[in-house]
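Peer 1: Chains as they are written, first to last, in the working numbering: chain C, 1 to 540; chain D, 1 to 370.
No lab work stands behind these hints, which were simulated from the structure alone. One or more hints might be untrue.
As the list claims (entries may be wrong) - Listed next, the in silico DSS-like pairs over lysine-lysine satisfying Cα-Cα at most 25 Å (straight line):
#1 C/LYS355 to C/LYS73
#2 D/LYS252 to C/LYS248
#3 D/LYS193 to C/LYS410
#4 C/LYS9 to D/LYS159
#5 C/LYS453 to D/LYS252
#6 C/LYS102 to C/LYS226
#7 D/LYS114 to D/LYS193
#8 D/LYS159 to D/LYS51
#9 D/LYS264 to C/LYS130
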Amino acid sequence: MVLERDTYKALEDIVGADNISEEPAILDAYAFQWGAASLTGKLFAPRYEAIALPGSAEEVQAIVKACNKFKVKFKALSTGWGYFNSPGSEGGIQIDLRRMNKILEINEKAMYAAVEPYVISAQLQAELMKRGLTCNVIGAGANTSALPLTALMGCGPTSVSTSYGNRNILGVEWVLPNGEILRLGSLGSGAGWFCGDGPGPSLRGIIRGYKTPLGGLGVFTKAATKVYHWPGTEAVPMEGASPNYTAKLPETFAAHYIIFPSWDKLTEAGYRIGESEIALAFVKLSPWMIAQNLAEDTRAGVQLFSEIRSLTLPKGPSVLVIIGAQSQREFDYKEKVLRRVTSETGGEFLSLVEKDLTIKRRLIWHIVRGTASAREIFRPMVLNTAAFGACDSWEFAINEAVEGAVLKEKYIDAGLVVDDGADNGWGVMYEHGHMGHMDQIVLGDPTNPTAGKGLRGFVDESWQICLEKACGWPQTVMGDKANDLFGPRTSNYHVWARKIKKAFDPNGVSESTHYVTAQEFPEGPAGQGERPDERPPGAG
Amino acid sequence: MALAMLDGRIDYTDKLLEMIYQCQICGGCDVSCKYNRDLELVESIYQLRIKCVEDGQLVPAHMLVIDGLKKEDNMMCSLKSERGKWAEGLEVKDLTREKAEVYFHAGCRYCFDKELWPVVRGAVDLLTGAGFDVGIMGRDEACCGGRSYEIGYQGELTKYAEHTMEMLKTAGAKTLVTPCSDCYHAFKVLYHKIGKKLDLDVLHITEFIDQLLQEGKLKLTRRVPMVVTYHDPCHLGRMGEPWIPWEGVRTKGSGEFILHEPPKEFRRGVHGVYEPPRNILKSIPGLTFVEMVRIKERAWCCGAGGGVIDAFPDFAIWTALERVNEARTTGAEAIVTACPWCKRTLNDAVNESGDSLHIYDIVEILEQAL
Chain C
1 MVLERDTYKA
11 LEDIVGADNI
21 SEEPAILDAY
31 AFQWGAASLT
41 GKLFAPRYEA
51 IALPGSAEEV
61 QAIVKACNKF
71 KVKFKALSTG
81 WGYFNSPGSE
91 GGIQIDLRRM
101 NKILEINEKA
111 MYAAVEPYVI
121 SAQLQAELMK
131 RGLTCNVIGA
141 GANTSALPLT
151 ALMGCGPTSV
161 STSYGNRNIL
171 GVEWVLPNGE
181 ILRLGSLGSG
191 AGWFCGDGPG
201 PSLRGIIRGY
211 KTPLGGLGVF
221 TKAATKVYHW
231 PGTEAVPMEG
241 ASPNYTAKLP
251 ETFAAHYIIF
261 PSWDKLTEAG
271 YRIGESEIAL
281 AFVKLSPWMI
291 AQNLAEDTRA
301 GVQLFSEIRS
311 LTLPKGPSVL
321 VIIGAQSQRE
331 FDYKEKVLRR
341 VTSETGGEFL
351 SLVEKDLTIK
361 RRLIWHIVRG
371 TASAREIFRP
381 MVLNTAAFGA
391 CDSWEFAINE
401 AVEGAVLKEK
411 YIDAGLVVDD
421 GADNGWGVMY
431 EHGHMGHMDQ
441 IVLGDPTNPT
451 AGKGLRGFVD
461 ESWQICLEKA
471 CGWPQTVMGD
481 KANDLFGPRT
491 SNYHVWARKI
501 KKAFDPNGVS
511 ESTHYVTAQE
521 FPEGPAGQGE
531 RPDERPPGAG
Chain D
1 MALAMLDGRI
11 DYTDKLLEMI
21 YQCQICGGCD
31 VSCKYNRDLE
41 LVESIYQLRI
51 KCVEDGQLVP
61 AHMLVIDGLK
71 KEDNMMCSLK
81 SERGKWAEGL
91 EVKDLTREKA
101 EVYFHAGCRY
111 CFDKELWPVV
121 RGAVDLLTGA
131 GFDVGIMGRD
141 EACCGGRSYE
151 IGYQGELTKY
161 AEHTMEMLKT
171 AGAKTLVTPC
181 SDCYHAFKVL
191 YHKIGKKLDL
201 DVLHITEFID
211 QLLQEGKLKL
221 TRRVPMVVTY
231 HDPCHLGRMG
241 EPWIPWEGVR
251 TKGSGEFILH
261 EPPKEFRRGV
271 HGVYEPPRNI
281 LKSIPGLTFV
291 EMVRIKERAW
301 CCGAGGGVID
311 AFPDFAIWTA
321 LERVNEARTT
331 GAEAIVTACP
341 WCKRTLNDAV
351 NESGDSLHIY
361 DIVEILEQAL
C-alpha cells in the first residue's frame with residue numbers, strides 16, 4: 001500500500017523531507033516486532049505506509065489534522081517497545097516521536113519532572129539522581145519512555161517506593177484524535193505541571209486506567225511524572241568490565257534475596273515490609289530471573305538457575321528486597337526490620353547473595369536502573385509473553401503467581417515453553433502499600449512455531465483462569481475481542497470505552513486495534529463474534 | 001532490514017544502500033548489546049555488506065575506492081608509485097632489500113595524506129632514536145585490506161593478508177608496529193578471524209611507546225603545559241580487542257534458547273588498547289589529562305569508519321562534531337587521538353566549524369615532550 005501523493009506531500013510539508021519516509025526498508029524496520037510471532041507466527045507485523053518524525057506538539061497536531069482531512073489512520077510510538085505499536089492491518093502512518101526527546105523541567109521542590117515522549121527513563125533518572133531524586137523505571141527497561149502514559153501498565157521494580165504509571169501522572173499535553181490540543185490537570189489552567197487533576201480539566205480516567213490506550217486515542221506529547229527521593233549519591237561510579245559492571249554504591253545499600261516457606265508467608269512478609277516502608281525495591285524475582293541477572297551469558301545463566309533452583313525449590317517462593325538509606329542509622333533500622341520480618345515469617349536469605357558484596361551491588365544497580373529484564377527475559381533470545389498481571393491486592397497478585405505456575409507446568413511438560421521452573425512470576429508492590437502486580441513470564445523461541453502456539457495457548461488458558469477463578473483483568477487484554485470478553489465481567493467498561501473512542505475520534509483515524517475500536521459487535525454473545533483477535537505479548 | 005532482505009520482503013534501493021553504508025561499523029552497538037545479550041551485531045553488519053557486494057550493490061563512492069585499491073593497492077585513490085614518498089630522507093631500513101627487527105607499517109592514510117606526514121615521520125624517528133632496528137616497505141607497502149572488508153569485499157582482505165604474510169617472510173621482522181588503528185585492527189583482529197594470523201607481534205605505536213616508557217628506554221623531559229583529552233579510536237579500542245576463535249555449534253538449551261557448544265567467549269570490547277595511550281599522556285610533564293564522558297568501550301566514533309568518510313563525508317563530519325562538542329565540555333584545549341582517520345575527520349570538523357580545539361596525534365604530543 002502507498003499513501004496518496006497529496007497526503008504524503010501534506011505530511012512532508014509539515015515535518016520536512018528528511019523526517020518522513022515510505023522507503024520499504026524503513027517501513028519493515030518498524031514492522032519488525034519480536035512480539036508478533038506468538039500472535040501471527042511471523043516476526044513482522046503489518047506495515048505502515050509511511051513513517052513521520054515530528055519535532056514538536058505543533059507538528060504532531062498538524063499531522064493529526066492532515067490525517068483527519070485525508071482520512072488516513074495514524075498511531076504514535078515513543079520508544080516502540082511492543083507489538084501494540086503496530087497497526088492491525090497494513091496502512092496508515094506511524095508517528096515516531098523520537099525527535100521529541102527533551103527533559104522540559106525538573107522541579108525539585110514540587111518533586112516532578114516534565115518530559116517529552118522520547119526521553120528514556122535512564123536519561124531522566126541520571127539527571128534526577130544529580131538532584132537527590134529518582135523516578136519509576138518500568139519493568140520493560142531503562143531504555144523505554146519516561147512518559148508515564150506510554151507503557152502498558154507502567155510498573156517497575158522500584159514501584160514499592162516509586163509507584164507506577166497511573167498514579168504518577170501529573171500535567172499532560174494531549175493531541176486529541178481530531179487534532180485539538182488539550183492540556184490536563186494544572187497545566188490546563190496555566191498553573192504548571194504539578195497536579196494531574198486540576199485546577200483545570202481532569203481526564204485521567206480516560207487517558208489511562210491501569211493500562212494506557214496503547215496509541216488508540218490520539219498522541220500524548222508532554223507529561224509530568226512524580227519523582228521520588230533517591231538515597232544514593234549524585235553519580236554512581238562503575239567498576240569492573242562488561243558484562244560484570246558493578247556500581248560503587250554507598251555502604252548504606254543492600255540487596256537480599258529471601259526464600260519463604262510458603263506463598264502465605266511471602267504474602268504476609270510483603271504486607272509487613274510494605275507497612276514498614278523500608279524497601280527501595282521489592283520484587284518477586286524467580287530463581288530463573290536472579291540466575292540470568294547474575295550470569296554473564298545464557299549458558300552460565302542456565303547453570304546458575306539449576307544451582308539456585310536446587311536451593312530454593314525444596315523451600316518456596318522468593319523475593320528480592322533492596323534497601324537504601326542516607327545514614328548508617330537509617331540503614332541499620334531498615335535492616336533490623338527486614339531481618340525481623342524475615343525471621344518471623346520463616347524466610348531465609350540466599351547465601352549466594354548475602355556473602356558477596358559485588359553480587360549485591362550488581363543486583364541493586366540492575367534493579368534500580370531497570371536493566372534487569374533485558375537479562376531475565378530477552379537475553380536468551382526467546383519469545384516471551386507476560387500473562388495474568390492484574391492490578392489488585394498483594395495477596396491477589398500472589399494468587400496469580402500460584403495459578404500461573406500451575407498452568408505453566410502443563411506447558412513445560414508438553415515441551416511447548418522453556419522450563420523456567422514454572423514459577424516465573426514477576427511481581428511488585430506499590431507505594432509501600434497493599435496493592436500489587438504479578439505477571440507470569442513465559443518463554444519460547446520466536447522461530448519455533450510450536451513455541452508460538454505454546455505461548456498463545458498459555459495466554460488463552462490464563463484468560464479462562466482469570467474468568468473462572470476471578471484472577472482479575474489480565475494485562476494481555478487488548479483489542480475488541482478481549483475487551484468484549486472481559487468487559488461484561490468488569491462493570492461493562494468496554495461499552496464506555498467505545499463511547500469514549502467514538503466521542504474523541506469521530507473520524508476513526510486514531511488506529512486502535514490493540515485498544516478498542518468504535519465498532520459494535522452485536523452478532524453474538526460477548527467474546528463469540530467475529531472480532532479482531534489481539535493478544536500481543538510483552539513485559540512491562 | 002537484513003531479516004527483511006533474507007525473507008525477500010524488500011529489494012535493493014538507493015536508500016537501502018545508503019542506510020547500510022552510513023554505518024561506521026564502530027562497534028558501539030555491539031558492545032552495548034553484549035552487556036546483556038549473546039549476540040554478534042557487528043558480524044551481522046559485515047555479512048550484510050558482503051551480501052551487497054556479492055549482489056553487485058555498492059554506493060558509487062565505494063566503487064571508486066575499491067577500483068583504486070585493486071589497481072594501486074591503497075584506499076586513497078592514489079598512485080602506488082607515490083606510496084613511499086612520506087619517508088623520503090628518513091634514516092630507516094628498506095625491508096624490500098634489508099632485514100629489520102621491527103616492521104613499521106604506515107597505512108594508506110598516512111602514506112597519502114601529506115598533512116599527516118609529520119606524524120608518521122615523527123613516529124619512525126622516535127623508534128629509530130630509541131635505538132630500534134626499524135624497517136619500512138616504502139612504495140611496496142600495500143593496504144592491510146581492513147577497510148575493504150568493512151565495505152564488504154572479504155576477498156580483498158584475504159588477498160592482502162596473504163600478501164602481508166608473504167612480504168614478512170623475507171623481512172625478518174619480529175614485531176609489526178603501526179600508527180594506524182584501522183591497520184592495527186586488520187592485522188590483529190581480522191587476519192586472525194579469517195585464519196591468517198600473523199606470525200609476529202602486532203603492536204600499535206601507543207603500545208610500543210608505552211613499553212619503552214615503562215622500561216625506561218624513553219625519557220620525557222620537556223614540559224607540555226596543555227590540557228588535553230583523549231579520543232579512543234574505535235579500531236584500537238573496542239574493535240581492537242584480540243580475536244577469540246570459537247568453533248562449535250549452536251544448540252538449543254531447554255528446547256528453546258540458543259547455547260554455544262563448546263561455550264563461547266564473547267568479545268565485549270573491554271580488552272581493547274585503552275591504557276597505553278593514557279599512560280603515555282599521563283607521563284608527559286606539565287600535561288593535564290582529562291577524560292570525556294564516553295570513553296574506552298563506550299567511546300563515540302569519529303565518523304570516518306566503515307567507508308563513511310569516502311561515501312558520506314558530511315555525515316562523517318557531523319559525527320566528528322558531536323565528539324568535538326563533547327571534548328569541549330571537559331575544558332580541554334586539544335583532543336589527542338591515535339589514528340590518522342580520526343585525526344583527519346576531527347581536524348576537518350574543527351576547521352569547518354571554526355572551533356578553537358586543536359587535534360593532535362599522540363606522536364605529535366610526545367615529540368613535544370622529548
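Peer 1: Hints first: check each against the structure and report whether it holds.
Peer 2: Status of the hints after comparison with the structure:
1. C/LYS355 to C/LYS73: Violated, because 56 Å separates the two Cα atoms, which is more than 25 Å.
2. D/LYS252 to C/LYS248: violated (36 Å)
3. D/LYS193 to C/LYS410: Violated, because 45 Å separates the two Cα atoms, which is more than 25 Å.
4. C/LYS9 to D/LYS159: violated (49 Å)
5. C/LYS453 to D/LYS252: Within the cut-off at roughly 18 Å; holds.
6. C/LYS102 to C/LYS226: holds (17 Å)
7. D/LYS114 to D/LYS193: The given pair, whose Cα atoms are some 32 Å apart, is violated under the 25 Å limit.
8. D/LYS159 to D/LYS51: Status holds; Cα separation ~19 Å.
9. D/LYS264 to C/LYS130: It is violated: about 39 Å lies between the C-alpha atoms, which goes past 25 Å.
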